[in-house]
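Participant: So you can see what is in the structure, the chains are spelled out below.
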Amino acid sequence: MDVFKDWRLHMLALVIVIISELIGIQKIGMISLLPMIFAMIIGGIISFPKLKILKERNMKHASSIMTVSLMLLIAKLGLDIGPNLSHIMEAKGALLFQEVGHFIGTILFGLPLAVALGMGREAVGATYSVAREPNIAIIADKYGLDSPEGSGVMAMYICGTLFGAIWISILATFIANLGILHPYALAMGAGVGSGSMMAASAGSIIAVYPTMAESIRAYAASANLMSSVLGIYIYMFFSLPFANKMYVVFSRMFGKTDNVSGNS
Amino acid sequence: MKIMETIFVLILVSLIMAAGNTVGYHIDILSSVKAVAILAAISAIGYLIAKLPYCNKLPVIFWVSIVAIMVSIPQMPISEWVIATAKNVQFLAVCTPILAYAGLAIGKDLAMFRKISWRIIPVALVVCAGTFLCAAFIAEVTLHWEGVI
Chain A
0 MDVFKDWRLH
10 MLALVIVIIS
20 ELIGIQKIGM
30 ISLLPMIFAM
40 IIGGIISFPK
50 LKILKERNMK
60 HASSIMTVSL
70 MLLIAKLGLD
80 IGPNLSHIME
90 AKGALLFQEV
100 GHFIGTILFG
110 LPLAVALGMG
120 REAVGATYSV
130 AREPNIAIIA
140 DKYGLDSPEG
150 SGVMAMYICG
160 TLFGAIWISI
170 LATFIANLGI
180 LHPYALAMGA
190 GVGSGSMMAA
200 SAGSIIAVYP
210 TMAESIRAYA
220 ASANLMSSVL
230 GIYIYMFFSL
240 PFANKMYVVF
250 SRMFGKTDNV
260 SGNS
Chain B
0 MKIMETIFVL
10 ILVSLIMAAG
20 NTVGYHIDIL
30 SSVKAVAILA
40 AISAIGYLIA
50 KLPYCNKLPV
60 IFWVSIVAIM
70 VSIPQMPISE
80 WVIATAKNVQ
90 FLAVCTPILA
100 YAGLAIGKDL
110 AMFRKISWRI
120 IPVALVVCAG
130 TFLCAAFIAE
140 VTLHWEGVI
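Chains as they are written, first to last, in numbering that gives the first Met the number 0: chain A, 0 to 263; chain B, 0 to 148.
Hints were generated in silico from the structure; no laboratory data involved. Treat each hint with caution, since some may be false.
[Unchecked claim] From the structure, some residues in chain A lie toward chain B, with a derived Cβ separation under 10 angstroms:
no., residue
1, I24
2, I27
3, F37
In this text, a Cβ means the ideal position worked out from N, Cα and C, and glycines have one as well.
If we strip away everything but chain B, and leave its shape as in the complex, we get (with noise of 0.2 angstroms):
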């Protein structure tokens, strides 16, 4: 996609983010497309960097982390405005127009999964669960040992 598209995708998918979040969690949609509208920003930022020379080693993700961490920082003037201009804007309301993109592209790779053999349903929940309780049961043990926890 290109930088323009991607960024009218980005309003887009915060609007019925907004919708979601005042739906379901009863918070007025004002303050819902307030919220929606700094993640909309520090995405774009993030995705802006991402593509700039040299930057553009790295994944999007991470220059988008790296802004949303660096905005939130206390030493940062804005940073309680904006930390409580988002939470408006609920973490479950985040994730479900995601999944409700991934749900309707699931489709698409529905043919191709016939042709694969059974098996690889078994594995690919263990490799999940491996991944998973694998590091959870690290991070208990080092975060012991560290006294964090």
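If we strip away everything but chain A, and leave its shape as in the complex, we get (with noise of 0.2 angstroms):
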């Protein structure tokens, strides 16, 4: 009960809700910034380990609770999957081709630079996928975090924990406000695989188009339940396999040969 007994990160959290919800909504041109988007920076503030306002436990302890409590942004989302089921599956065929592009987007535009860059073999692990928990399973296990892909998955995660959800949100808002793809699509496409950047990039395309909230959600939640159910296998079956041979043709392209081992 470690975790449930933590007040002073509960209080803490309930006094940044307050706060956030209160600041709520700010647009800055064409960027809208939403209170979850708040609450992810004062909470990131107090956690500094320079203030010493939090301990590595509390933080452990915060860490649990968010992946607990994103069961409670499931269940909002299926809610509206259930009245709207028999709308999403006419569009069943995008839901699972839109798929594709989750797991190839990754690779087709991070490899490239993150070889140009000049990362070894840390590129496979930084880009077969989002990096989230269970893509840093499927790693750990194949080649043990202690390697070169390793250090790639781990760092993408934090990199997308710090910056994930704050940067497709802005991402979100600007391509929705372009208004050269569907709202629909773009819900397809805020269906990452990772409930708190599908979260801040679906509510920053509701934003953008408030009467077709519900279908947002609803197309939104669709994409990320394929992501979540088909993912594990296509992570481990396609999408690595894949990014280890997009590795070899990258690293010639870019006249580092030598970073090409094997070890796939």
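Combine the two chains into a complex, taking the hints into account.
Facilitator: Here is the structure:
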């Protein structure tokens, strides 16, 4: 009951939530900053080790509470899927195909940049997925976390935790405001397989298209559900081997053949 | 975390969520508590199913989604009541406490973050952007193709 009894942490969370909700949605130009983003920033400042407000133990508790509370978000989103189920089934082909985009998007965009910046085998771990918990487990199982692939996936995991939600919400607002993609397509894009990133990007799309809020949430949730159910298998049998192949290709292209080692 | 502790934590986070919902969206505290109680109940049922043998092969969030979809499909007699009651908690209010805890956990990763080369930052931003844009683009094309949009 250590986690439950960490009252200091819970009181801090309550105060952060109330302050963030009082600040409300703030618009800066094309970007709308949501209360959840303020909550993450205030929380991040409080947890800054130099301030000595929280101990390592409290931060670990916070992290496990976050994982538990994601269930509430999934429940809320599931309630939007049920009533729209027949509607969503009309788009089942799109739902299936967009998953391909989720899985290859990370590699096609991230891997060449990582190799060009001079990363070695770390690049494979860092770019084969959005590096959430199941992705760390796959790498740990195959290469071990002390390997270059392991430090790549951990670095990406931490970076995603620090900037993922904020970055993807800014990006989603920007793309939604351009008006080139339909809100449903954007919603499916938002279901990246990470609860907090999905929440942040879906929230931002809804801020641009408030009248379609329910369908946007339903599509984002369905896409996210697809990622989380199919995800682990696709990552193991498709994404990781594909990242390995592409790593060899990009290493040659950027003239870094010395990086290519055959331990795939 | 043990099963009982997880359920207690669910209830506690739900109450923080209800408080945020009342402050931010001016929904009275009783309706907010009722709404979050539904989310907590769905989560707890999904979580318990995910602990059963055979069911534990699939992630917890899969089972939570399934329970939420099941209670909200129109064929279900309680669906109207569930949806109407749960509507009182705003989607954004659900997200705020989750990211507050995510923020409070950041400190433990900062030391490790300093050790990693700066290169991971642009790579991470591009990876996140890539998965979002690539999926949204394919969805746009296939949604047109299926005649949904």
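Participant: Run every hint past the structure and note whether it holds.
Facilitator: Here is how each hint holds up against the structure:
A hinted interface residue such as A:I24 counts as satisfied when its beta carbon comes closer than 10 angstroms to some beta carbon of chain B; here the least separation is about 8 angstroms, so the hint holds. Look at A:I27: its Cβ only gets to about 17 angstroms from chain B, farther than 10 angstroms, so that hint breaks. Nearest Cβ of chain B to the Cβ of A:F37: about 8 angstroms, under the 10 angstroms cut. The hint holds.
Hint compliance for this structure: hint 2 alone is broken.
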